[in-house]
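Construct the entire structure; sequences and hints are all you get.
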Amino acid sequence: MQNEEESKKKLVEFLWVEINRAIIGSKDVKSCIKILKDLDLLDHVEDYNLVLDVQALIDLIQKDEKKGTASTNEEIKEKQRPTDLRQAKSAPEKKTEDTAQSIDGKKLTDNEVLFQKHLERNFDESIWLKKAGIRFLN
Numbered sequence: 650m651q652n653e654e655e656s657k658k659k660l661v662e663f664l665w666v667e668i669n670r671a672i673i674g675s676k677d678v679k680s681c682i683k684i685l686k687d688l689d690l691l692d693h694v695e696d697y698n699l700v701l702d703v704q705a706l707i708d709l710i711q712k713d714e715k716k717g718t719a720s721t722n723e724e725i726k727e728k729q730r731p732t733d734l735r736q737a738k739s740a741p742e743k744k745t746e747d748t749a750q751s752i753d754g755k756k757l758t759d760n761e762v763l764f765q766k767h768l769e770r771n772f773d774e775s776i777w778l779k780k781a782g783i784r785f786l787n
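Each residue of the sequence shown is one higher than the one before, counting from 650 in our numbering.
Read the hints as simulated data drawn from the structure, not as lab findings. Note that beta-carbon positions come from the ideal geometry of N, C-alpha and C, so glycine has one too.
With a Cα cut of at most 30 Å, we get these calculated DSBU-like pairs of lysine-lysine: (1) Lys780 x Lys676; (2) Lys780 x Lys657; (3) Lys686 x Lys779; (4) Lys756 x Lys686; (5) Lys658 x Lys779; (6) Lys755 x Lys686; (7) Lys659 x Lys780; (8) Lys779 x Lys716; (9) Lys755 x Lys766.
Ranges of calculated distance between the beta carbons of each label pair, as one might list FRET restraints: (10) Trp777 x Asp713: 10 to 20 Å; (11) Gln711 x Lys686: 32 to 42 Å; (12) Lys657 x Arg770: 42 to 52 Å; (13) Glu667 x Gly754: 37 to 47 Å; (14) Lys755 x Leu709: 32 to 42 Å.
Structure below.
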């Protein structure tokens, strides 16, 4: 009986390691980390304790398998990211005194302003959290 429990525990640990490996190996995650680093916001990430709702993830995978519509990574990316940040970055914008913004008394760079505008237009935090199966403890 104890051997069976150890076996189950090892399988769950294996799943946890594979999920972490997929997250760490994700080009999207690496890209976001690079953006946060460039904006000097990487230190703020440690303030959040993200939790993955594994049951929601399993339900989503099983639902897709039943329908026969298992989404590929590319399809998921296209659904979640209607416009690319790089496209917004390359779009020419007029520089005026009105566009100068600041956060916490620090003047934002042009890249940071473009990033803020991109987020304001395209990012819905509550939908993203639900799709990702992430919830905060407390």
